[in-house]
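Taking the hints into account, I'd like the entire structure generated from these sequences.
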Amino acid sequence: IAGITQAPTSQILAAGRRMTLRCTQDMRHNAMYWYRQDLGLGLRLIHYSNTAGTTGKGEVPDGYSVSRANTDDFPLTLASAVPSQTSVYFCASSPDRRWFYGYTFGSGTRLTVV
Amino acid sequence: SQQGEEDPQALSIQEGENATMNCSYKTSINNLQWYRQNSGRGLVHLILIRSNEREKHSGRLRVTLDTSKKSSSLLITASRAADTASYFCARRPSGSARQLTFGSGTQLTVLP
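Protein chains in written order, with my numbering: chain A, 1 to 114; chain B, 1 to 112.
Worth flagging that the hints you see were computed from the coordinates, not collected in a lab.
Keep in mind that this is a model prediction, so the values were computed, not measured.
Heads up, the beta-carbon is just placed ideally off N, CA and C, and yes, glycines get one too.
It cannot be assumed that every hint is accurate.
Label-pair ranges, simulated between beta-carbon atoms [what the hints assert, rightly or not]: (1) A/I12 to B/T77: 36 to 44 Å; (2) A/A15 to B/Q14: 43 to 51 Å; (3) A/A2 to B/G40: 18 to 26 Å.
Shown next, in the form of C-alpha cells:
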C-alpha cells in the first residue's frame with residue numbers, strides 16, 4: 001500500500017540521548033515535512049524538504065536536524081533529547097511544493113523524553 | 001505561532017445531526033484544507049478549497065470560504081459514529097513555497 005512509513009511507533013528516551021526518527025515514502029513525492037503535535041497546540045512544522053538534497057527550517061527547528069539524501073527518506077534527528085521534545089511526531093509528503101496539493105501523513109511516532 | 005483558530009474546540013452531537021466547525025485565519029492564503037485525525041492515527045486530507053472559491057462539496061462534506069472575513073467552515077451532514085475524530089484546518093499562505101499551517105483542531109464526538 002502506497003504511503004508513508006514511520007519508525008519507531010513509540011519510544012521512551014533518556015534525556016541527553018541522540019535519536020533518529022525514520023520516515024520513508026513510496027509515492028515518489030518530492031516534498032516532505034516533519035511536524036510535531038502537542039495537546040492544545042495543533043501541529044507545528046519542524047523542518048521541510050522541497051526536493052531531494054534540500055532542506056529548510058520550519059516554525060520550531062531548534063534541537064532537530066534533518067537530511068534528504070534521496071527522494072524516499074527524510075529522517076529527523078534529535079541530537080540531545082530534552083523533556084520538552086516529548087511529543088507525537090508526524091512525517092508528511094506532497095507531490096511537490098506547489099500550493100494546490102494536500103499532504104499525506106504517516107501514522108506518527110510517539111516520543112517520551114524522561 | 002498558530003495563524004488562526006478552530007471553533008469550537010470540542011463538539012458533541014447525536015448521530016444523524018449535522019456538525020459545523022469553523023476556522024479563522026489572519027494572513028492571506030492560496031488555499032485552505034481540512035484534515036481528519038482519528039485517535040492515535042495520522043491526519044487524512046479531506047478537502048481543499050482555493051482562495052477564489054466560495055464553496056466546495058465532497059460527499060457529506062461541505063466547505064465554505066469567506067476571504068473577506070478570513071474564515072472557513074466545514075459542515076458534515078447526517079453525521080455517523082465513524083465521523084468521531086479531530087478535524088483540523090490548514091492554511092497555505094500566499095507566496096511561493098509556503099508550507100501548511102495547522103490550527104489546534106476541533107474534537108468531534110458523534111454519539112450513537
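Going down the list of hints, with the structure as the test:
no.	hint	verdict
1	A/I12 to B/T77: 36 to 44 Å	holds (43 Å)
2	A/A15 to B/Q14: 43 to 51 Å	holds (46 Å)
3	A/A2 to B/G40: 18 to 26 Å	holds (21 Å)
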